[in-house]
Each structure stands twice: as structure tokens, then as C-alpha cells.
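Trainee: Using the sequences provided together with the hints, build the complete structure.
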Amino acid sequence: MNELNKIRYNCKQATFLIEKKLLGKITLKESVELRIHLIGCDACKLYAKQSDKINRMMQRMFKTVAGKPVTMDEKFKIELQERITDKLNSD
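Just remember that the numbering used here sits 4 ahead of the position in the sequence shown, which is counted from 1.
Calculated directly from the structure, the hints in this document are not laboratory data.
In this text the structure is predicted, and so the values were computed from the model without any measurement.
Treat the hints with caution; some may be incorrect.
Unchecked claim - Across the chosen pairs, the derived CB separations fall in these ranges: (1) R87 to R64: 22 to 30 Å; (2) R60 to K29: 30 to 38 Å; (3) F80 to R39: 31 to 39 Å; (4) D77 to L42: 28 to 36 Å; (5) E78 to G44: 37 to 45 Å; (6) E78 to L42: 29 to 37 Å.
Don't be surprised by glycine CBs; every beta carbon is placed ideally from N, CA and C.
Mentor: This is the structure we're talking about:
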């Protein structure tokens, strides 16, 4: 399978890039790959919209009355990241 087809049919990579983009910056190459994929994948387009909405809702939810952001415990963050990484690597 050539490179363009790999990009077009890789929803797992596309969802990873969607989340990465929501959390920060993605490279120009990643941006192009994601755009190519989203042109032909309605499921990932919907995923991107839903993920963005969920992120915005969670950001609002984690604000206290005083307007200060609520933070997660560092140990919890590390354990959560490890669980996510393990799950991604097992699929």
C-alpha cells in the first residue's frame, strides 16, 4: 500500500492526531496527513467535532467558582497516561 493510501485509511492515526492537535501543536506533515484523511472519512470528521466539544465542556467543568482551574494530581496523570499508552499499544 502506498503512502497516500496508508494515510487515507488509518483512522487510528487520525484520531491520535485529532487529540494531539486539541492538546497542542502538530507538525505540518501531521496536519497535511490529517487533512487528507478527514477529506474522505466522515467517521473521523464526526470524531473530531465530538472530541472538540467534549474538551471544551471539560474545560468549563474544571473551573471553580473563583475562576481558578482545577488540576489533577500528578500521580493520577502519570497512571492515566500509562493506561492510555498501554491501550493504544495493545490494539
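Trainee: Now, for every hint given, state plainly whether the structure supports it.
Mentor: Do the hints match the structure? See the list:
| no. | hint | result |
| --- | --- | --- |
| 1 | R87 to R64: 22 to 30 Å | holds (25 Å) |
| 2 | R60 to K29: 30 to 38 Å | violated (18 Å) |
| 3 | F80 to R39: 31 to 39 Å | holds (34 Å) |
| 4 | D77 to L42: 28 to 36 Å | holds (35 Å) |
| 5 | E78 to G44: 37 to 45 Å | holds (40 Å) |
| 6 | E78 to L42: 29 to 37 Å | holds (34 Å) |
Hint 2 alone, counting from the list given before, is not met by this structure.
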